[in-house]
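If you want the building blocks of each chain, they are given just below.
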Amino acid sequence: KAGVTQTPRYLIKTRGQQVTLSCSPISGHRSVSWYQQTPGQGLQFLFEYFSETQRNKGNFPGRFSGRQFSNSRSEMNVSTLELGDSALYLCASSPRTSGVAADTQYFGPGTRLTVL
Amino acid sequence: AQSVTQLDSHVSVSEGTPVLLRCNYSSSYSPSLFWYVQHPNKGLQLLLKYTSAATLVKGINGFEAEFKKSETSFHLTKPSAHMSDAAEYFCVVLNSNSGYALNFGKGTSLLVTP
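So the protein lines, in turn, are chains L and B.
The numbering of the first sequence is this note's numbering, which starts it at 1 and goes up by one.
The numbering of the second sequence is this note's numbering, which starts it at 1 and goes up by one.
Since the hints were derived computationally from the structure, they do not count as laboratory data.
Just so you know, even glycine gets a beta-carbon here, dropped at the ideal spot from N, CA and C.
Keep in mind that a hint or two might mislead.
Reference excerpt, derived from the structure (chain L facing chain B, CB under 10 Å, subset only) [as the list claims (entries may be wrong)]:
(1) F50
(2) S51
(3) R73
(4) C91
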């Protein structure tokens, strides 16, 4: 099976702009989670989508949003970019179904966002 | 909430010598624990996963980890380091208070010298 794919791999934006990142999960996986990785804060959970619904959200401002489509592909949007949003954004997919306990998350290569 | 602490931010070993990366966890019940590895400019790759079936977990590339409840530890080991093992390693716990969110440790950078 093909792994998790993320596009684009690299992005450069300026402050105040908005950006949309895309994630295609492993075929058959219905859960998609997003994480932000920075040198200072490490890896932090942004949100999780399952069956087109946001199931969980981390402690990030409302400028960070996402959605999931019927084919499980997910997009993440960041509006009004700030310098501190520069990070590696990682997407992970999991086959989990509703009500089932822990399952493994498989990560994509990430999108490197630089905000100037 | 569940959390993990990686006790070393950097570990340096010689090629062919054993590797030990230390991780302690905090959880009020039996947690789901993982080790992931990240090579430079790459995503995260799952090394192994503990979900209470067995305390000694074998992973890929010769890595294994032992769950010790009495010590609240989940240390990662490998008998013989290879140059290709040089990477960042993350101990991770599933935060069951927040659905499927993973809580990551700060990471341990493994350096392997010839």
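Against the structure, the hints:
1. Evaluation of the L:F50 hint against chain B yields a held restraint, the C-beta minimum of about 8 Å falling below 10 Å.
2. Hint status for L:S51: violated, given a least beta-carbon distance of 13 Å to chain B, over 10 Å.
3. The closest approach between the C-beta of L:R73 and any C-beta of chain B is roughly 17 Å, which is over the 10 Å cut-off, so the hint fails.
4. The beta carbon of L:C91 is positioned within 10 Å of a beta carbon in chain B (closest approach about 9 Å), and the interface hint is therefore held.
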